[in-house]
Amino acid sequence: MFKYLGWIAQNPIFHTVGEVIYYGTIIGVIVAFLVLAARRWIALGYDRKRVLLLAGLLVVLSYPLGHLGSRGASMFYRPFEQWSFSFLLEQMLHGSSHTFHASLILPTLFGALLCYLLRFKFLEIFDTLYLYVPLAHAFGRLSCLIVGCCWGRYVHLNLFGLHLGFQNPIPLYAIGANVAIFLLLRRIYTRVYADPWTRERYRGALLAAYLLLYPPVRIVFEVFRTERRIFYGLTHAQVAMGLFLLLGLVLFVVIRLRRRRLSQDAAAAAPEPAAQAAADTLHRYFSMIGLLSILILSSFFIHYFTREIRVWPWPIQPVTSLADAYSRIWHYLPMVMIPAGCLLWMRRSGMEIWPWFKWNRFSYTFFIALAMSLYHCIDLLVLRQAPLRGVAFWPPVLILSAMNAVTEEIMYRLALYRMLRRVDFTPWVANVVQALVYSLIHFMIAGAWLGIFSLIYGLVLGVIVQRSKSITPAIIVHFIVDLGAIGYPLLRF
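Mind the numbering: the sequence shown is residues 1 to 493 in the UniProt record's numbering, read in order.
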């Protein structure tokens, strides 16, 4: 903020103030959240003196180790031929760039060594640490927001003749995302460590959940930032987040194998009803987290393949002939695999599917969405008075509009919304989350204006589904809006 308001250029003192805020915040949150983590370790039954030793060493060494690791990551911005251990050491001591994900590596390795020496269970200790990592990260991004680092590209936004221009405040979005991840992880932590039976079977689940939740979010945020691409159109952070995701998947497999082994142990005690209920709830959380991560990553990969490396033509763009218009149906077909996977995911999770295709109740919100859809369609196809192609081009428009409406309603309003409600999120929280995830692809592909419209439109569609207990009315109005959104580029000369 200091940077983009021009304060640093006007008065260098603001650079010093920004440095104090930035590094002071980092040190402060390390101390504060390690104190909170230590209290939880003691509550889990670990020896108080050894806990204080662990927490004290982490308080003293986490910042310098994180700083070294963060600097060392700058080596990966250089050509591969320059990579070496000596060059890594040079960057760790004198490098100029800093990255959050790299700052976790050395403190994590040091913490693992301490767990081994103190005979602590690594996964239990790091479940507690990574409960607070997103909240600490949120405070760190608050300092980024104030100082002016890690912001995104300049955004031009025209709203009904009013022009707005501003630097994209990516740290603000990161704060919201990290706080949301913390609140979700806190729910999981409570259930994992509420009972010895679940603790034995699910320790490490919170760390794995973090490694599946944060990376997709960060990968998407990188699309809107100005970081240098280092590997096939991917930024340093996107490559690192891919490795984090892989580690999270491996950890979930380890937990699953451990749980299966314990369930086959004839000597193992049967769970108490409360413990079994907590385990069932954890399974629902894991299903939701998996689907949420897949949908966020799907949006990114659609953007990546169509906009970054361009190996897949984006289907919704101007055409040159009738054959070209029909070919867009084939270009769209790969995206149909996503809702098919969502339906399979729901079925494997034991959720009802087909009753939600019946129009069970009527909601007046349907008319609000219908009005929005009709206006947007008429504005694009009629009011703009653009020269349009003839009737022969309408069949592919109708087919693509139907495919897109059904695809997106299954993904967001059926699968994701119901998964969120299944873990007892309130209707408005579930609706906001599905609308945000739905809007991501629109922000990435079409820009700020369509992204904002899709966010509002997604909220309205979510209310329709919530009140009518059906995605059919949402499909209908979505089909109408797509007649304009898809028809305009395909029909326009």
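No lab work stands behind these hints: they were computed from the structure. Some clues are possibly wrong.
Said to hold, decoys possible - Each computed SDA-like pair below joins lysine to any residue, with the alpha-carbon atoms no more than 25 Å apart: (1) K469 to R347; (2) K469 to T281; (3) K358 to I476; (4) K469 to L459; (5) K121 to A55; (6) K121 to L44.
Unchecked claim - Derived Cβ-Cβ restraints for the label pairs, each shown as a range: (7) Y326 to P273: 36 to 42 Å; (8) L109 to N158: 47 to 53 Å; (9) N360 to Q167: 42 to 48 Å.
A quick note: this is a predicted structure, and the numbers were derived from the prediction, not measured. Ideal placement from N, C-alpha and C gives every residue a C-beta, glycine not left out.
Looking back at the hints listed earlier, which ones does the structure fail to meet? Going through the list in order, the structure violates hint 7 alone and respects the others.
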